[in-house]
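Visitor: Could you use the hints to bring the two separately framed chains together as a complex?
Chains A and B supply the protein sequences, listed in that same order.
Here our numbering is used: the first residue of the first sequence is 1, the next is one more, and so on.
Here our numbering is used: the first residue of the second sequence is 1, the next is one more, and so on.
Derived from the structure by calculation, the hints contain no laboratory data.
Owing to the predicted nature of the structure, the values given are computational and were not obtained by experimental measurement.
Any given hint could turn out to be false.
Claimed, not checked - Take a look, some chain A residues computed to stay more than 10 Å from chain B by CB distance:
1) V66
2) G169
3) E594
4) T646
Stated by the list, open to error - DSS-like mimics (lysine-lysine), calculated; alpha carbons at most 30 Å apart, straight line:
5) A:K272 - B:K97
6) A:K147 - A:K103
7) A:K554 - A:K515
8) B:K97 - A:K437
9) A:K515 - B:K158
10) A:K89 - A:K515
Glycine included, each C-beta is placed from N, C-alpha and C at the ideal position.
Given next are the chains, with one letter for each unit.
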Amino acid sequence: MSKANRFVGSPVERLEDLRLLRGRGRFVDDLTAEGVLNAVILRSPVAHGIIKGIDTSAALAIPGVVAVLTAEEIGRPVPTIPIRLFASKLTEPLEQPCIADRKVRYVGEPVVLVIAESQAIAEDACDAVVLDIETLPPVVTREAAEKGQSLLFDELGTNRCARFTAIKGDADDAFRNAAYRRRERFGVHRHTAVFMEGRGLLAEWFEEEGKLVVQGGAKVPFATRKALSKQMNLPEDKIEVHEADTGGGFGSRGEFYPEDFLIPFAARYVGKPIKWVEDRREHLACSNHSRETEVEAEIACDKNGMVLGLRGTAFVDSGAYVRTNGLINPRNVSQFMSGPYHVPNINIVTDFYLSNKGPVGTYRGPGRYETDYVRERLFDMAANDLGIDRVEFRRRNLVREDQMPYQLPQIVETKSGDELDSGNYEVTLDQCLAEFKWAEKVEKYDGKLIDGRYHGLGLHCFIEGGAAGPKENARLVLEKSGNVSVYVGSSQVGQGVVTVLTQIAADALEMPMDKIAIFHGSTTGTKEGFGSFHSRSTVMGGSAIVVAAASLQKLMREAAGRRFNCAPGEVTLEDGKAQGPGGKSLTFAELAEEDISIEESFFNHKHTWAYGTHATHIAVDPQTGQVEVLEYVAVEDVGRMVNPLTLGGQAVGAIVQGLGGTFLEHLIYDGEGQLLTGTFADYLLPTAGDFPRIRAIMTGNYPSPINPLGVKGAGEGGIIPVGGIMANAIASALRSFNVQPLELPLSPPRIWKLIDDARPAEAAE
Amino acid sequence: MPTSKHRAVFEVNGKAVDIEVESRTTLSDCLRHQLRLTGTHVGCEHGVCGACTIIIDGAAVRSCLTLAVQADGSQITTVEGISFDEGLTPLQTAFRKHHALQCGFCTPGMLMTAHALLTENPDVDEEGIRHVLSGNICRCTGYIPIIQAVLEARAAYKKPENA
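Next comes chain B alone, as it looks inside the complex (with noise of 0.2 Å):
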């Protein structure tokens, strides 16, 4: 039955948004169709595949187990927010190189969850790697290029010494 709306203020990417959502609707659904940020992609609405992971406040968050309503004060970045008008970032462009990707629907949720986790943590290992992408599905690569996109991606994320 419908529901109440409610206003909603945050950022995303960098610009302020002021919007009233249903109480119901997905933070992944207002995005995609409300602010036809369409560059997120739904692979399962039950948090498990990955596809819709966005970074709120620094962490990696499934938008599809996210309230738009809960976004209410926070900084949202989604794969539009990391990329460049022209031309790749160095963690795309390892993508790339090593054809981390093939249909390209998991790709955006796997960006978000390596950027997260590179901001954080530039020096992780393949297997700390591996734990954190454990939670996107990817069914077309078989992961070992994503992995090696990943490693080879941790130089640029690097704080440069001395800084």
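Only chain A is shown next, with the shape it has when bound in the complex (with noise of 0.2 Å):
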């Protein structure tokens, strides 16, 4: 980094919010275009059946509607949505029609589409479509799935759509000799990101050039335009697909859903611009859900409470087809069960199976979440067992710094390992304990009951990885103003990615942030873009950023050596001058006379990871069941901070979510695969009166060796520890019921039921 390191690391106030503050954002419903029409989706109703026959002439009969779209009118085949990570063979066929092609596989699944002049108009017209379809027998649970006597894909064969395998050492062996083995069966509810805005987008398209333009693109927008250069057969270079300020994210936000293609095919069908926006109903209903797992678990130790090993399966449920990035929740749920934790031997067969309910993706801390639960349970009832204190038996096993870079377990079938980079993770776990003040409140409440609640104490020590590869692209420019303009392949999902890319910059320049401005999130930015997902967008966007620095500064020496007649390295770049041998000086706006720009790559095929404890305090209500979480507190290292204020909002917001996931998120279905909270008052959100007293303390002391920041990616790890901490702290409030809570969501009437249940049996004794 520049010896002149002013910004990374400063707690500077987001550029972002002068905008958004005063109600100048340009979210994508802000958007308009001359002569734009609106677009509605008429939705499959029933979760599984055959497409007899649709009926549209009443639709078209209606006053300002100007077209309405089936798979006929699309054509055949119907484009697909791409699966953008672990595409296989053997996943292409199960991969979403952008519109029903003679089956629909679940509630929301699109069927039509109509174009019209308002929204209420298209929406008038949606219901004057007449659909007929005739219903199969949905797949709704899991025993369905498996049984396979009714099918999504009957070409399958089966439901079960991909399997991850992840192995080190030999578990089998290493169980055989066990002295202590526990097995036990944990389940994770289906719920999601739920951004605030609702996906939209606005296309339009120029028929003399032959040209797209898509706003409301978001995260990965070079992937979307590349899928939808293949499904429209148009050349890339004839689409361009810009964020517009995007509603949040969370890894749902971006990824391509099938009004992707189904909003830009009709501006050019109908030759005018061309506007989407779900509502909410649709957004519970069809945006990727996550989570729906079930594990079954063995944890072996020895008599010192050292594991030896996890093995187990695991049921991951995909919803009727595979999506984008869907196969990283089960991959994931296998490959990093062992968290932080120094496990010799691993065997975990994970099983993704389809259903007929919403299509997955990933939801921040994706698999990590559901995997952390298990793994931290585990060791909870293992030390319990073993009558080993909780806090020593994660000390004994975590990985130790000298044992970095620590090897995960491979994944049999994409051959794909991973290593953790490096930290000290015995350290955020001291502090942690410190900050909470863990052994004397274990004293005073642990298992306690104390005004008619049991308090409980939880502990969770976790990992997350960030930083995907391949590469990330930086493009800068030396502005006329003397200004520099950085254009980056990285994409704003909310989380200040203006702002941490400007401190960035200005370091990597050392130039004022005021003379920096930041282009992301756009097609026409860069040659090339991978955008924000696996908090990659500061590792990579920032990475790429102090790489092209570095030859932008390099090509304004040689500028200034020409102009001066000396050697580039004899230049000098400073307070906006470049200054030569004898005095010789020209202002950046004199340099810029020249055309000077680079882009630059940074390429990156290892993972950071962030590491950190959690610690928890938490009051159960016998009578109610209610959970009242009294403290939160949370240390992480990240490698390096670039902005405090913003790597904290993360934390907490991250942690939030967790327990909103943990205590009240539930993506219902009923037999016959019906959506049954799809309203803000079924689907139950936290609010601000929900979880006051929770604290994040973040540091920096150990740098990632595999790029020139040193930064690690953060901003999911704060939701990774959250289901299995509360629901370890509730096993440790109810220990006197001896009840072990293995399902989520913790919701009142679950743990009441578990205090009931134990009842009789405390009568007993």
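Guide: Structural data, given as structure tokens:
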């Protein structure tokens, strides 16, 4: 990093806020275009069925209706949504057609697209369409998915669509000889990101140029462009995908959805700009779901509590199709179960099954929230069974600094491994214990009945992966004003990428922040771009900027050297001026009379691993099953902090999302595959009164060795431990009942029932 | 089906508005799409998330649950109406300082709810702020910085003593 490091590490107030606080954001529904038409989608009302007929005549007769499109008008074969990560020949037939063709597989699947002069007219027209669908038996439960009497894809012959096997050492051998073993079955329920701004698109077709411009892209606009290029048979350079402001992402927004094809296709079809914005019911039924997992897992230890092995089988529900990044969830459940611990023998087989529910994708901490829940529950049970303190149990098993880089298990099917990069995990454990005053609180509260409530403590060590490769691009332009424009392949999903990347660029270029402008999330900014997922924008976008800044400074020195008749090495760049020998000087603006710009890539095939420990104190009301979070402390080391303000915000926000997922949020389907939680009155999100006492302490003590900034991806870590820590804290609180919460969510009825079921046993003692 | 149109006369951010709206047009859609005041956001259209909160005749109201025709004869304030051309108000400054927004989508509703609350009761305590703001959903921040920001902004709403 540059010698004049001023901004990286500072809690700089965000640049984004000045617009957003004054109602000047430009979210996709804020955009409009001359002659714009509105699109509304008629979606399948049944979970599984054969489309026998679609009568659109009454809809077409409504004044103001411009077009009514079905698979027929779009043309067969209907384009499908490409799988972005871990695509294979095996899963290709399970990709989602962008509009249902002959068969529907989940409630909410697009069947008819209506284009009209207003949204209201388009909605009227949807009501006038008559769908004739012959229903098939829906696959809703795990049992039905495994049994396979009803199949989503007949040609597949099964509902199982993928398997990920994580292998390390020889688990069976380790279990054979282990002094201690315990096996349990755990369940994590379906819930998801639910960002506040619904997805939306504004697509314009420019006939003369044969060009398509799409606003409302997010997260991975280059991947969206690539998919559209194939689906619409257009060269990539005839498609522009731009981000607007994005009202939250958390892994779900910006992946390719059916509408990402339907709306651009319709814009070309009718030759007019078309806007589509989903409503909340559509969002809850149709945006990527996540998390639905069952795991039967077993732990083996020696008598001293050293973990010898983890093995088990997992079931992850894919929903009706395999979407862009859905395969990440089962992969992560298998690969990352050992978390921050040294586990020498691992064998976890995760099967991914289709069902007639909404298709899944990643949600913040994908697979990790689930697998951490399983591991940390088993650790508390094992520590308890062996009579070892749960902190000591974890301490004994954490990966040590001298074991870095530490090999994680191999995934058999993808032949891919991973390794933890750096850090001292015990330091964050100890810091968390000290901040929380763990020893004191255990003594005072843990397992005690105080004022009618049972108090319990929980502790959870975790890792969070970041910095997915293969690369990221940054293009830097010295503008005629002497300022520098930075174009980067990263995207804004509400995480403050403009501020963070401006800080990095300002330090790298040794310029003030107000001389730098960041442009992101557009396919026009850089030749290539990879976007914002897997906590990668700070590491990958930031490092690309560092690499490009060095190259830009080299070009500036060379340009000045030519003008000064001196060697580039004799030129200094400081205070907006290039200075050479003998007092020669040019301002950056004067230097920019010559075009100076550069695009560079930062390549990376490894991952960063931020890590930390969370601790909590809860109280359970045995009368109602209600759990109150009295205190929550998170400590996480992120290698190096760029902006402590935004970083801490990510951590606290993620923890509250995790608490929502653990206690409140649940996408519930009935036996017919109907979503029962399609409004915010049914799908409950945390509100301001729910979880007031949370602290996050972020540190940057152990820089990552794999990038020039030393930073690690962060922003997902907060959510990962929440399910596990809460279940453990509840088990600890209710130890006098000897109950183990094994299923999420930890809703009041479920906790109350645990207590109630245990009561007769208690009375009998 | 198409519905009849109605005249609605009201004031938005101090400016007179005289427009024709369909019976079924919500006030949020009218503000956003007819009057192009896009600072007011729509997050659920069923009155739970609070992103569309505006102030009508001094009260914080869900504009997605209000029909545009109902606004006839009223005075409306939106986020644009509590913002300066340059710089930030004390409430907005506090939001920025405490990092009380990430994606910024819920923010206009949060600001309007907080503005109405602090205008009515600048001495409100933390519990009172949490209670009132629990009608606005934020998915990014976990609320803690929002509460801190509103607590800090109270000072700017207090009437000078002896006034």
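Visitor: Each of the hints needs a verdict: does it hold here or not?
Guide: Against the structure, the hints:
1. Annotated as non-interface, V66 (chain A) keeps its C-beta farther than 10 Å from every C-beta of chain B; the closest such distance is 15 Å.
2. The beta carbon of G169 (chain A) is kept farther than 10 Å from every beta carbon of chain B, the shortest such distance being approximately 39 Å.
3. Residue placement check: E594 (chain A) keeps its beta carbon more than 10 Å from all beta carbons of chain B (closest about 35 Å).
4. T646 (chain A), annotated as away from the interface, has a beta carbon of chain B within 10 Å; the closest lies near 6 Å.
5. A hinted pair counts as satisfied when its Cα atoms are at most 30 Å apart, and K272 (chain A) with K97 (chain B) does not qualify at roughly 43 Å.
6. For the given pair, K147 (chain A) sits about 21 Å from K103 (chain A) by alpha-carbon distance, which is consistent with the 30 Å threshold.
7. A threshold of 30 Å between alpha carbons decides the hint, and for K554 (chain A) with K515 (chain A) the separation of about 19 Å falls inside it, so the pair holds.
8. Of the supplied pair hints, the one linking K97 (chain B) and K437 (chain A) holds, its CA atoms being roughly 29 Å apart against a limit of 30 Å.
9. Restraint check for K515 (chain A) and K158 (chain B): not satisfied, since their Cα atoms lie roughly 38 Å apart, outside the 30 Å limit.
10. Distance hint between K89 (chain A) and K515 (chain A) is unfulfilled; the C-alpha atoms sit about 49 Å from each other, more than 30 Å.
Taken one by one, the earlier hints fail for this structure at numbers 4, 5, 9, 10, listed in ascending order.
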